[in-house]
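Enquirer: Listed here are the chains, written in short residue letters.
2 protein chains.
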Amino acid sequence: MTYCLGIKIDQATIMISDSRTSAGVDNISTYSKMWRYGVPGERQFVLCSAGNLATTQSVIAKLERDVKNGASPSLLTVSDMHELAEYIGKVSVAVQAKAGGGGVFEATFLLAGEIQGSANALYMIYSQGNFIKSSSHVPYLQIGEAKYGKPILDRVIQESTSVDQAIVCGLISMDATLKSNLTVGPPIELYVLENGSLKLGQYRLFGEDDEYMRSLRNLWNTAMENAVDAMPSLVLN
Amino acid sequence: MTYCLGIKIDQATIMISDSRTSAGVDNISTYSKMWRYGVPGERQFVLCSAGNLATTQSVIAKLERDVKNGASPSLLTVSDMHELAEYIGKVSVAVQAKAGGGGVFEATFLLAGEIQGSANALYMIYSQGNFIKSSSHVPYLQIGEAKYGKPILDRVIQESTSVDQAIVCGLISMDATLKSNLTVGPPIELYVLENGSLKLGQYRLFGEDDEYMRSLRNLWNTAMENAVDAMPSLVLN
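Chains as they are written, first to last, in my numbering: chain A, 1 to 237; chain B, 1 to 237.
Looking at chain A on its own, in the form it has when it is part of the complex (with noise of 0.2 Å):
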């Protein structure tokens, strides 16, 4: 399984992905989930995927062999961020079908970035190559097991959350999962795209024994025993 996450607030775009890859539970590895591509000043793109490695693998490979070839689309050619994510779907729709279509080849995105001359966006890209973008109600979405993650995202992401907090959030919103789920496994990878910029965004590794995650879990945890503590008691009788 996989757990990826993009958050789009006001000033950035956030992305967090895991790399457990697994086929069973004694066919566990480590795979980036989390690719980035980006011409400074022109366009600025960061790719996560969840499903079928080989097809994800694929759709990658496509990607970057049309723009080496010169093609169009391609990732130098797209105008704006839905030509590209429609672009991405129908790549992966083909890669697919020509593994012999199925459940077992399926594989989701989280495609976030921004081209000069048009807005900046976050989408998820469907197995079926259609896709739906972030909201200003929900600004973040999620793909592979999402549902850990999800409360602390929807008790405290809005489009106004500064660049600080939706790092810490996203990062605990990751650290629940990893800590729930076992398919779900480091090293996180962290990159944060300033919005309006275009310029390459600002990349991190955390590994198994990461010091930033460590503190940042104790503090967590820590943090919510005291919450529970400082709730009104219930009066029973």
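If you're looking for bench data, these hints aren't it; they were derived computationally from the structure.
We treat Cβ as the ideally placed atom computed from N, Cα and C, and that holds for glycine.
Watch out, some of these pointers could steer you wrong.
Label pairs and their in silico Cβ distance ranges [said to hold, decoys possible]:
(1) A:82 to B:212: 42 to 48 Å
(2) A:197 to B:230: 27 to 33 Å
(3) A:215 to B:128: 42 to 48 Å
(4) A:73 to B:99: 52 to 58 Å
(5) A:76 to B:236: 26 to 32 Å
(6) A:67 to B:212: 53 to 59 Å
(7) B:128 to A:218: 37 to 43 Å
(8) A:158 to B:196: 30 to 36 Å
(9) B:32 to A:197: 53 to 59 Å
(10) B:138 to A:158: 32 to 38 Å
(11) B:103 to A:162: 44 to 50 Å
(12) A:221 to B:72: 43 to 49 Å
(13) B:162 to A:82: 52 to 58 Å
Reference excerpt, derived from the structure (chain A facing chain B, CB under 10 Å, subset only) [claimed, not checked]:
(14) 167
(15) 203
(16) 219
Below are the DSS-like pairs computed for lysine-lysine, each with C-alpha atoms no more than 25 Å apart in a straight line [what the hints assert, rightly or not]:
(17) A:199 to A:179
(18) B:179 to A:133
(19) B:62 to A:179
(20) B:133 to A:179
Given chain A's structure and the hints, the job is docking chain B onto it.
Expert: Coordinates of chain B only, in the frame set by chain A:
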């Protein structure tokens, strides 16, 4: 869908259940999923159910009929909680088989209670009639839509947790599920069995606009925002 939660701490056993029943999003209704039975000074039980409503209602009807008819085994004749779990598992399997068997008639149960002369216990009874007991490492069990409400339990609940803390934590786990999933809904039922007392438990029903639940939700949302603010910011570069 359904969400039921049992927490077995040193001082008490706590059960919490929602009341939404749905056969599709346009056929939603409200049924209690919590059933209590006790003979003060001798035995106290609480049973929560998830799955097919016809199955769970038939199981409870059969338990009541067996008591009325003086059958053995029955709620009045079993001598410990293990025997009770076995009996309820058998009744459940028989009820499902009568309806034709198969996934659609499945039901799972949380069973908690105590019988004079034997230890109190918390069990999860699977649709196949087999069952597991809560452990001292993870002193809680969940059935139904369990993922949203799991992280807060994983971070806070231990056997030494106080009754007040466990009630607050359990209600927050339920509220997280209500907030993130439409198929789990109020009223919420709470039952607290004091370990070793063999007294009737303390029961509380929380309706849609319950003041304590509303206040808990608001205070918790604020506590989460404050906790996120209090975490150390990640230094990215």
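Enquirer: Does each hint hold? Answer for all of them.
Expert: Here's how the hints hold up against the structure:
no., hint, verdict
1, A:82 to B:212: 42 to 48 Å, "46 Å, holds"
2, A:197 to B:230: 27 to 33 Å, "28 Å, holds"
3, A:215 to B:128: 42 to 48 Å, "43 Å, holds"
4, A:73 to B:99: 52 to 58 Å, "54 Å, holds"
5, A:76 to B:236: 26 to 32 Å, "27 Å, holds"
6, A:67 to B:212: 53 to 59 Å, "58 Å, holds"
7, B:128 to A:218: 37 to 43 Å, "40 Å, holds"
8, A:158 to B:196: 30 to 36 Å, "47 Å, violated"
9, B:32 to A:197: 53 to 59 Å, "55 Å, holds"
10, B:138 to A:158: 32 to 38 Å, "33 Å, holds"
11, B:103 to A:162: 44 to 50 Å, "46 Å, holds"
12, A:221 to B:72: 43 to 49 Å, "48 Å, holds"
13, B:162 to A:82: 52 to 58 Å, "53 Å, holds"
14, 167, "5 Å, holds"
15, 203, "8 Å, holds"
16, 219, "6 Å, holds"
17, A:199 to A:179, "34 Å, violated"
18, B:179 to A:133, "21 Å, holds"
19, B:62 to A:179, "40 Å, violated"
20, B:133 to A:179, "21 Å, holds"
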